[in-house]
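Protein chains: 2
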Amino acid sequence: MNHDYVLKQLSWRYAVKKFDPTKKISDKDWEILEESLRLSPSSYGLQPWKFIVVHNRDILKQLTSLSWGQSQIEDCSHYVVLTTKVKLDEELIDKHVNKTAEVRGLDPKLLAGFKKVMVGDLLNGPRSETIYHWAQRQAYIAMGFIMETAAMLHIDTCPMEGLDPKGYDKVLGLENSGYATVAGVACGYRHPEDKYQNIKKVRFDKDDVFTYIK
Amino acid sequence: MNHDYVLKQLSWRYAVKKFDPTKKISDKDWEILEESLRLSPSSYGLQPWKFIVVHNRDILKQLTSLSWGQSQIEDCSHYVVLTTKVKLDEELIDKHVNKTAEVRGLDPKLLAGFKKVMVGDLLNGPRSETIYHWAQRQAYIAMGFIMETAAMLHIDTCPMEGLDPKGYDKVLGLENSGYATVAGVACGYRHPEDKYQNIKKVRFDKDDVFTYIK
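Protein sequence lines correspond, in order, to chains W and H.
Heads up, my numbering is the position in the first sequence plus 139, with the first residue counted as 1.
Heads up, my numbering is the position in the second sequence plus 139, with the first residue counted as 1.
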């Protein structure tokens with residue numbers, strides 16, 4: 140692995156304003172991007188999320204109108220909507236415990252302590268009061284993962300936060316699903332005419348955002 | 140860039156339970172990890188964060204006791220605490236507008252429209268009601284970026300969410316700073332005896348977390 144390459148790609152990445160609608164992500168590359176979402180870390184490994192990949196032109200059009208008319212949604216190669224559990228419940232915790240037992244060849248009963256900690260912290264503890272925000276934060280880790288993975292593969296993205304989540308839920312049929320829209324990520328390739336690729340990235344200076352306690 | 144390498148490292152990564160206290164991240168590598176935080180995307184590019192790197196042994200000890208006694212904090216090579224703005228204000232927006240003008244050689248007055256959109260959305264719009272959570276979510280993108288960047292460089296991490304944020308704020312002198320603790324990330328190298336490196340990663344199946352709208 141070339142260290143300079145990683146740094147170069149982190150700088151190369153920007154929020155694409157205009158995608159090239161003629162360029163499509165290959166199936167092989169898309170599979171890696173999906174895996175980067177699926178393999179993303181989350182608190183307790185609980186994965187309180189579902190990802191919706193929208194290819195339907197009519198649905199994409201409706202989502203555009205629910206996203207300030209931003210062209211990225213229809214022009215990109217793959218548009219993925221990140222959703223999370225609206226209400227965290229024992230069902231998801233049990234599912235995670237059972238999957239853990241299955242993958243690691245254990246009796247789920249051996250994981251009773253693990254379950255108890257999660258229930259105590261997330262369902263009954265102080266964290267339960269803001270659990271919806273907690274779930275959303277986890278999805279932002281996944282958002283970070285797909286954006287950085289894309290950059291490593293020289294694929295462009297644009298995170299989409301400026302959208303009407305309730306409108307998305309309706310269009311995507313999420314009402315009563317237990318999951319709700321958090322944000323979208325448009326993936327594809329920058330249009331040669333997107334002027335934003337040529338202007339300098341704006342970041343605060345290192346000594347402004349970093350403090351060292353020695 | 141080797142595509143298989145990216146996928147391999149995403150699988151290689153896990154939340155390290157026991158770091159090797161004798162192994163330190165090189166300055167060159169740490170610089171890339173810092174850059175991955177600094178270059179992380181955030182809504183409007185607003186970077187509502189500060190990162191605190193703690194090397195002081197006494198402070199690390201205190202943070203450990205505020206983090207369920209987890210050994211990663213003291214055994215890792217670099218422990219970084221992610222903090223975000225407690226209350227989003229015009230000061231940060233102005234700072235971002237001015238930095239944008241400086242970096243891109245523009246008159247800040249030309250960015251009045253950009254400022255107006257941010258103020259309208261984040262300070263006065265419906266998003267202002269949950270702006271603290273919004274800021275925290277942005278920090279989770281950065282958390283994703285440092286963890287994936289580390290994995291690409293074959294460096295281990297452990298995200299630390301199980302901690303007492305108010306206790307951290309006190310120990311780190313953040314009270315009245317305008318910033319508050321969100322989470323920590325321990326960075327370093329896995330101990331050969333950390334048994335968690337050998338057990339299978341638990342993730343829901345692809346067709347369980349992905350839906351396609353065709």
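Don't take every hint at face value.
Identical copies go unnamed one by one, so any copy, or any two together, can satisfy a pair.
[Claimed, not checked] DSSO-like cross-link-like pairs, simulated, lysine-lysine; straight-line CA separation at most 27 Å: (1) Lys157 x Lys334; (2) Lys255 x Lys334; (3) Lys226 x Lys157; (4) Lys255 x Lys238; (5) Lys226 x Lys305; (6) Lys234 x Lys162; (7) Lys255 x Lys339; (8) Lys234 x Lys345; (9) Lys340 x Lys309; (10) Lys147 x Lys157; (11) Lys163 x Lys147; (12) Lys248 x Lys156; (13) Lys147 x Lys255; (14) Lys162 x Lys226; (15) Lys340 x Lys305; (16) Lys309 x Lys156; (17) Lys238 x Lys340; (18) Lys353 x Lys162; (19) Lys305 x Lys162; (20) Lys167 x Lys147; (21) Lys334 x Lys353; (22) Lys200 x Lys238; (23) Lys339 x Lys156; (24) Lys156 x Lys167; (25) Lys234 x Lys248.
Treat the hints as calculated values from the structure; they're not laboratory data.
Hints and how they fare:
Taking identical chains as interchangeable, the C-alpha atoms of lysine 157 and lysine 334 lie at most 27 Å apart only when both belong to the same chain, with a minimum of 9 Å there against 47 Å between chains. For the identical chains of this complex, lysine 255 and lysine 334 are inter-copy neighbours only, at 22 Å across copies versus 53 Å inside a copy, given an alpha-carbon limit of 27 Å. Within a single copy, lysine 226 and lysine 157 get their C-alpha atoms no closer than 36 Å, and across copies no closer than 33 Å, so neither meets the 27 Å cut-off. Taking the shortest Cα distances, lysine 255 and lysine 238 sit within 27 Å of each other inside one copy (16 Å), while across copies they are farther apart (48 Å).
In this assembly of identical chains, lysine 226 and lysine 305 lie within 27 Å of each other by CA distance both inside one copy and across copies; the values are 15 Å within and 26 Å between. Proximity of lysine 234 and lysine 162 under a CA criterion of 27 Å is satisfied in neither setting, with 38 Å inside one chain copy and 37 Å between copies. Taking the shortest alpha-carbon separations for lysine 255 and lysine 339, only the inter-copy value of 22 Å comes in at or below 27 Å, while the best intra-copy value is 49 Å. Proximity of lysine 234 to lysine 345 under the C-alpha cut-off of 27 Å is restricted to the inter-copy arrangement: shortest distance 15 Å between copies versus 42 Å within a copy.
For the homomeric pair lysine 340 and lysine 309, neither the shortest alpha-carbon distance inside one copy (36 Å) nor that between copies (34 Å) is at most 27 Å. Proximity of lysine 147 and lysine 157 under a CA criterion of 27 Å is satisfied intra-copy only: 21 Å inside one chain copy versus 31 Å between copies. In this homomeric assembly, lysine 163 and lysine 147 come within 27 Å of each other (Cα to Cα) both inside a single copy, at 23 Å, and across copies, at 24 Å. For the identical chains of this complex, lysine 248 and lysine 156 are inter-copy neighbours only, at 23 Å across copies versus 50 Å inside a copy, given an alpha-carbon limit of 27 Å.
Within a single copy, lysine 147 and lysine 255 get their C-alpha atoms no closer than 44 Å, and across copies no closer than 33 Å, so neither meets the 27 Å cut-off. In this assembly of identical chains, lysine 162 and lysine 226 lie within 27 Å of each other by CA distance neither inside one copy nor across copies; the values are 38 Å within and 41 Å between. For the identical chains of this complex, lysine 340 and lysine 305 are neighbours neither inside a copy (32 Å) nor across copies (33 Å), given an alpha-carbon limit of 27 Å. Proximity of lysine 309 and lysine 156 under a CA criterion of 27 Å is satisfied intra-copy only: 26 Å inside one chain copy versus 41 Å between copies.
In this homomeric assembly, lysine 238 and lysine 340 come within 27 Å of each other (Cα to Cα) only across copies, at 10 Å, whereas the closest approach inside a single copy is 42 Å. For the identical chains of this complex, lysine 353 and lysine 162 are inter-copy neighbours only, at 18 Å across copies versus 49 Å inside a copy, given an alpha-carbon limit of 27 Å. In this homomeric assembly, lysine 305 and lysine 162 never come within 27 Å of each other (Cα to Cα): the closest approach is 30 Å inside a single copy and 48 Å across copies. In this homomeric assembly, lysine 167 and lysine 147 come within 27 Å of each other (Cα to Cα) both inside a single copy, at 23 Å, and across copies, at 14 Å.
With identical chains, the CA atoms of lysine 334 and lysine 353 are never at most 27 Å apart, being 43 Å at best within one copy and 31 Å at best between copies. For the homomeric pair lysine 200 and lysine 238, neither the shortest alpha-carbon distance inside one copy (37 Å) nor that between copies (35 Å) is at most 27 Å. For a Cα distance limit of 27 Å, the shortest separation of lysine 339 from lysine 156 inside one copy, 14 Å, qualifies, whereas the shortest one across copies, 39 Å, does not. Taking identical chains as interchangeable, the C-alpha atoms of lysine 156 and lysine 167 lie at most 27 Å apart only when both belong to the same chain, with a minimum of 25 Å there against 33 Å between chains.
For the homomeric pair lysine 234 and lysine 248, the shortest alpha-carbon distance inside one copy (13 Å) is at most 27 Å, but the shortest distance between copies (54 Å) is not.
Violated hints for the displayed structure, listed by number in ascending order: 3, 6, 9, 13, 14, 15, 19, 21, 22.
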